[in-house]
Amino acid sequence: METAFRVTSGRGTSCDLFSFHGNIDAQAEHLLKELPSRISRPVVRFDFGSTGRINSMGIALLLRCFKLIKEQKKAEIELVALNPMNAILFKMTGVFLLAKQVP
Amino acid sequence: MQSHPPIVALVRDTGDNRLRKLLTDEVPGIVTVVVGPHLSLSLEKLLMTGQSPRLVIVSGRLYPAERPELVSLVRRVIPGAEFLVVSAAEDKPPVLHQLGVDRVRHLVISPAAGDTADAARGQLGHAVKNLTEGTPWTAVDYLKEGTKVHEFPLCRSDEKEAIIAAVAGLIDGDSDETELFRQKVALLTDEMLENALYAAPRTPEGEQLYRKGEQRPVSREEQIVFRFGFDGETVAMEATDGWGSLRPETVIQHLAKNQTLAGDVGETGGRGIFIIWQFLEQLYISICPGRRTVVGGHVRRSSPTDLEVPRGFHIVTTACCI
Chain V
1 METAFRVTSG RGTSCDLFSF HGNIDAQAEH LLKELPSRIS RPVVRFDFGS TGRINSMGIA
61 LLLRCFKLIK EQKKAEIELV ALNPMNAILF KMTGVFLLAK QVP
Chain X
104 MQSHPPIVAL VRDTGDNRLR KLLTDEVPGI VTVVVGPHLS LSLEKLLMTG QSPRLVIVSG
164 RLYPAERPEL VSLVRRVIPG AEFLVVSAAE DKPPVLHQLG VDRVRHLVIS PAAGDTADAA
224 RGQLGHAVKN LTEGTPWTAV DYLKEGTKVH EFPLCRSDEK EAIIAAVAGL IDGDSDETEL
284 FRQKVALLTD EMLENALYAA PRTPEGEQLY RKGEQRPVSR EEQIVFRFGF DGETVAMEAT
344 DGWGSLRPET VIQHLAKNQT LAGDVGETGG RGIFIIWQFL EQLYISICPG RRTVVGGHVR
404 RSSPTDLEVP RGFHIVTTAC CI
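Quick mapping for you: the protein sequence lines, in order, are chains V and X. Reading the first sequence from the start, the letters are residues 1 to 103 in this note's numbering. Reading the second sequence from the start, the letters are residues 104 to 425 in this note's numbering.
Excised from the complex, chain X in its bound form:
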């Protein structure tokens, strides 16, 4: 059996009991370190045992608000580690600027106390598994086993409306809640396709090739494909393009900027990806530079629409495409 380097969790001494329980339940063998004034000393002791953590989980109650220097401090001691921030659903959304500065690419929202849905629970364990095994996120991860995943390769930009209608048409029911869910899913589909059709195609200098809304053919080389599935509770969806032009730091910049500059009427880039992030429960982006980008995630019927509830993301860069 393959053994993985240990996973370290950095928690607060008080107020992090629920996170500690979640970590114990979902991440077997995790080493928990209570962050005090001598954090470097604790980490150096850990390294002296010959174990270099591959993944460091950081409590959102510590970072970025309370201890903004935490990640850079730990990175000095454990330079090769990946960082995952876990923020509680009932806490204020973390301000993303610091995550951008520290190149933190993973944020999981731990479920609210009463949220027992499978798609909400288990996200931490799932993220840890993917990060330690190097497995990419996919739409099917969030659907009940056996759910059909529909796939639409695009040949023309004007196929967008038909795809939106197909996705929205999967959701039956006519209650107000169902209608809101249907509209949410339609907008997410619209934004993901707009991103693949108009934001992804770039010149080598980074200039956008097509104007938003421009009717255009989609060549086979662009490999724009939309996939989605609905298991009765959760819609999972992803748009793939063959450009691979998105950069992780740009994504975090867009999310951070739109998080703090709502109402800015300048040519603020990234409003589309910000909207996708806000309406999904968990956003994932997988980038193979110059070859492929996948933007996806899931949303549940019962996902909160309250904008104060934070949303998670995973942004990974892969060296080669599968």
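One chain only, chain V, in its complex shape:
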């Protein structure tokens, strides 16, 4: 699995779609910072199927990004294709308080 972080985007019928590739850590700061400005629909879905390791800095950046999306864009956040490890990590650190996991 690739380690360098990148984001690809798409548009679903009713939501904005983004896929996260690689590890989410301090190197992801720039891309995650600009992401809220790209949201235009009331629902945004993040695909973690190609995501690798997420460390504490990555968690901090995701929390900040999700909070901005909820506050500024009033959008609902859905998370898909989380592996068991990242699901445990999100539960542990409260990410699921801002975003819900969907099948």
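Among the clues, some could well be false.
If you want the ones that stay clear, here's a sample from chain V, every Cβ over 12 Å from chain X, calculated [what the hints assert, rightly or not]:
1. T8
2. G10
3. G12
4. S14
5. S19
6. E34
7. S40
8. R41
9. V43
10. G49
11. S50
12. A75
13. V80
14. A81
15. V102
16. P103
With a straight-line Cα cutoff of 27 Å, these simulated BS3-like cross-link-like pairs (lysine-lysine) come out [stated by the list, open to error]:
17. X/K124 with X/K247
18. X/K315 with V/K67
19. V/K74 with V/K33
20. X/K315 with V/K91
21. V/K100 with X/K195
22. V/K74 with V/K100
23. V/K91 with X/K360
24. V/K91 with V/K74
25. X/K315 with V/K33
26. V/K91 with X/K195
27. X/K232 with X/K124
28. X/K232 with X/K148
29. X/K360 with V/K33
30. X/K315 with X/K360
31. V/K33 with V/K67
32. V/K100 with X/K360
33. X/K195 with X/K360
34. V/K67 with X/K360
35. V/K33 with V/K73
36. V/K100 with V/K67
37. V/K33 with V/K91
38. X/K315 with V/K70
39. X/K360 with V/K70
40. V/K100 with V/K70
Read the hints as simulated data drawn from the structure, not as lab findings. Computed from a predicted structure; not experimentally measured. Glycine included, C-beta positions come from ideal geometry on N, C-alpha and C.
Start from chain V and add chain X according to the hints.
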């Protein structure tokens, strides 16, 4: 033969039978005191025999939830004692705020009824031995005898990924459980190295010297070394830095804050150490102020991933470095 001051255990009158058996099995010569309304009286009687306990073991079924004042009360009677809380794996994790207030630095989780692994059993006896003899915790303590411990001194921050790959590469197998274990170990390595590379280096005023993720050389004086071993069941690992900037009270504050403020998006410090604690079975931190910090612990293939299962820790401050 050297004799140690007695070790006292404070237990509940009911519901602490398993802890009592564990204490009898693992801590020879322990004096057990059932905590009732006249606890001070019992302790004063003990002191009148001329024996001042060096270590007080407190049942997690008493403290901190049921009797939050217990440690401060005992400390008034036995001011020099070290405190060790023992919480059962099947009980709710103890709320750490009170442990922080009372400067309690040791928490052991007694194994669940069916857990017969060597690394799970014997942790209490091991903790008591280290605390009474003043021996530091090390990674090898948790590995089968003869297991090779690998050592990586760091010269540059970008060596982190190679070390993570080396640790994860020790774990063979391709089942879902093995993959989860491998990912857990990789994240633990990442967090321990991030802590040594970016959280430890501080100015004398306590300001962080480097930005997280910043690529930087590591000088010899920093003495950042990562050690790990895998005996087929248990991975033990530790990261050492030559800064010695971590403070025990800060660690407990970080653990307590993150335990109760999940989802806080402010600049909550200590999320990394909280994650390390949650994924390890037992965390140990040894601090020689201004000279060295060791953050380490172990995790087993069969360690529970259930977040409701409590985790233990030991935080010790040493006067000098070995």
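A quick look at each hint next to the structure:
no. : hint               : result
1   : T8                 : holds (22 Å)
2   : G10                : holds (26 Å)
3   : G12                : holds (26 Å)
4   : S14                : holds (26 Å)
5   : S19                : holds (19 Å)
6   : E34                : holds (17 Å)
7   : S40                : holds (22 Å)
8   : R41                : holds (22 Å)
9   : V43                : holds (20 Å)
10  : G49                : holds (15 Å)
11  : S50                : holds (15 Å)
12  : A75                : holds (16 Å)
13  : V80                : holds (19 Å)
14  : A81                : holds (15 Å)
15  : V102               : holds (18 Å)
16  : P103               : holds (18 Å)
17  : X/K124 with X/K247 : holds (25 Å)
18  : X/K315 with V/K67  : holds (21 Å)
19  : V/K74 with V/K33   : holds (17 Å)
20  : X/K315 with V/K91  : holds (23 Å)
21  : V/K100 with X/K195 : holds (25 Å)
22  : V/K74 with V/K100  : holds (15 Å)
23  : V/K91 with X/K360  : holds (16 Å)
24  : V/K91 with V/K74   : holds (22 Å)
25  : X/K315 with V/K33  : holds (16 Å)
26  : V/K91 with X/K195  : holds (17 Å)
27  : X/K232 with X/K124 : holds (18 Å)
28  : X/K232 with X/K148 : holds (25 Å)
29  : X/K360 with V/K33  : holds (25 Å)
30  : X/K315 with X/K360 : holds (21 Å)
31  : V/K33 with V/K67   : holds (11 Å)
32  : V/K100 with X/K360 : holds (23 Å)
33  : X/K195 with X/K360 : holds (17 Å)
34  : V/K67 with X/K360  : holds (19 Å)
35  : V/K33 with V/K73   : holds (14 Å)
36  : V/K100 with V/K67  : holds (13 Å)
37  : V/K33 with V/K91   : holds (22 Å)
38  : X/K315 with V/K70  : holds (26 Å)
39  : X/K360 with V/K70  : holds (24 Å)
40  : V/K100 with V/K70  : holds (12 Å)
Hint compliance for this structure: every hint is met.
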